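Given chain A, put chain B in place with the hints provided.
Protein chains in written order, with my numbering: chain A, 1 to 262; chain B, 263 to 566.
The set of hints was computed from the structure by calculation and includes no laboratory data. Worth double-checking, as some hints may not be accurate.
Stated by the list, open to error - For lysine to aspartate or glutamate, the following EDC-like pairs were computed, each having C-alpha atoms within a straight-line distance of at most 16 Å:
1) B:LYS476 / B:ASP284
2) A:LYS28 / B:GLU359
3) A:LYS28 / B:ASP284
4) A:LYS29 / B:ASP284
None of these values were measured; they are calculated from a predicted model.
The primary structure of each chain is shown beneath.
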Amino acid sequence: MWESYVAVLPANWLNWTAVWRRNYIAWKKAALVSILGSLGDPMIYLFGLGTGLSVMVGRVEGMSYIAFLATGMVATSAMTASTFETIYAAFARMRDQRSWQAILYTQLTLGDIVIGELVWAATKALLAGTAIATVAAILGYAVWSSILYVVPVIALTGIAFASLAMIVAAIAPNYEYFIFYQTLILTPMLFLSGAVFPVTQLPANVQQVVAFLPLAHSIDLVRPAMFGRPVADVMFHLGVLVLFGVMPFFISTALLRRRLMS
Amino acid sequence: MTATAISLVDVTKAYNGRTVVDRFSFFVKAGECFGLLGPNGAGKSTITRMVLGMTPPDVGKITVLGAPVPAQARLARAGIGVVPQFDDLDQEFTVRENLLVFGRYFNMSTRQIEAVIPSLLEFARLEGKADARAAELSGGMRRRLMLARALINDPQLLILDEPTTGLDPHARHLIWERLRSLLGRGKTILLTTHFMEEAERLCDRLCVLEEGRKIAEGRPQALIDEQIGCQVIEVSGGNPYELQALMNGCAQRIEVSGETLFCYSSTPDQVRLQLRELSDLRLLQRPPNLEDVFLRLTGREMKD
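Chain A extracted, bound-state conformation (with noise of 0.2 Å):
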C-alpha cells in the first residue's frame, strides 16, 4: 500500500513541466479569449462595486475604498484563477479528455502530473493577479515598486487555492459538483478574509476563524506591500500558505490514485 502510493510521488523535480508545456501550447492557442475571461471578472467587480461603495464607504484603512478592494481583488483574483483552472480544466483533462490517462502511459507518475497542473493553475493566477496589481499601479492606487514583491505572493496564492481545489477535483464526481466548493467554501473566503471589508468589522468569534483561512494571509501579504506600508509577519503567512499548497498536495494525489489507478 505505502509502496505503491510511493511510487506515484514525483518521479524527480522537472518531470512535471512537461505537463506544464503541453497546457502552455494548448492555452496559447486561445490566450486572447483566456486573458479577458480571467480579467474580465474582478475588473468589473472592481470598478463596479469600487466606484459605486467608494462614494458612500470613504476611507477604510487609512486607504480609499477602491484602492482597499483593488488590492483585495489582487488576491481574490489569484484565487478564483487557479481554482476554476483546477476544478473545471484540469478535471476536464482528467475525466473526459482522457488527457491524464495517456500520460501515465508514460515516463511521468501521477505526482508528476498533479504538479504540473498546481504550477499552471498558478501561472494562470500569476497572470490574473499581477495584471490586477498593474492596473491598480496605473491608476495611482498601489506602489509600482510593490508588484515585484507582490507577483511571487500571488504565485504562492495560486498554488495554495489549486492544490485544494484539486482535492476538491479529486473527490468531485461531476461537475455539478462544484458549485458547493464554490458557495460553501470560497465566496464565504471572499468575504471573511478581508477582501471587500475590513476584518476587524467581523464579530470577534469569527475573526478567530480567519486564520484558518489562505485568503485572509495572501491579503494581509499583498494590501500593506501594495501601499508601500511595512507587512507584519511575513514568515508566518508565507508559511501558512505553503503548507496549503503542500499538504493537501500529497492529499489529492491519494486520492487521485485510488480514482484512476485502482
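Same frame as chain A, but now just chain B:
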C-alpha cells in the same frame, strides 16, 4: 533484451467483491505477437492495465521487461508504447504537436523529438498531415497517429487495446499491415481484441478469455485444428432445431446460435445432400476459425 517480455503468474483482481481476473497466468516472449481474445468484460483491459502498472493485482506476480510491476512500473514503461482503446489525442493540437508533447513525457528534448517525427509520420502514412489538427483527421488516421505516438520512445514492447475497433475495413487493413511491419522489426506486441480475424492474422500465440479465466491458449491454427479440425457449414433460413435432427448422422457436432445452425463435419458433402430437398435454406461452407473455437468452448458467440 530479456527473452520474456511479459509474465503474469497467478494474478487475481477483484472489484467490489466481483472477480474480474481469476488466477490468470501467461507469458509473452520477446519478438512475438500475443493476443488476449475475449468478449467485452472478459478482463482483457484489466489485464493490460495491470501489465502497465495502472492497477495493482490483489494476488500474483507481474514482471514486464525485467521489472517487477507495479513496484517498478515506471522503469518498465520506458520500454513500452501504448495504443489505448479510446481516442485520447489532444484534439486541438496538430499532429506534430501531439507527438512533441508526448515525447516530452518521456523526457526527450525538443530536438530529439523533432529528429524522429519525420520517420514516425512516414511510418503512420501521415506525411502530409503534420500541421493538421487531430480533430480534422479520419478515424483511421487518428488511430495511426496514436500508433506513431506510441513509438516515440522507440519501445521494444507495444501494448494495443482493441487497435482496430470502430475502423472501416480499409483503415483496419492498413493498421494490420503496419503492425506486421513492426513485428518484422523485432518489436513485441501484446494485443487485446474481440475480433477473431485480427487475432488470426496477427497473433503468433493467443489466449482466449472468459469471465477473467483462461479457457484456451496456443497458436491460432493449432487451437482451431485441436478444437474443431473439420469443415463448418452454416445453415440459416430454417428452424435450426428441426434441421439439427436431420443432420445428426453426418456431423461431428452441431451448435445453434441465434437463427444459425453451425454444423461441424468432415463429410460436408453428405450434409449438403441431406439438406438438398429443403428449399429456402442458405448454406455457407467454410474452413473453421477462432469464432468456432470460442463457440465450442463457451457455447456462445463471441460477437457482442
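(Q) Flag every earlier hint the structure violates by its number, smallest first. (A) 3, 4
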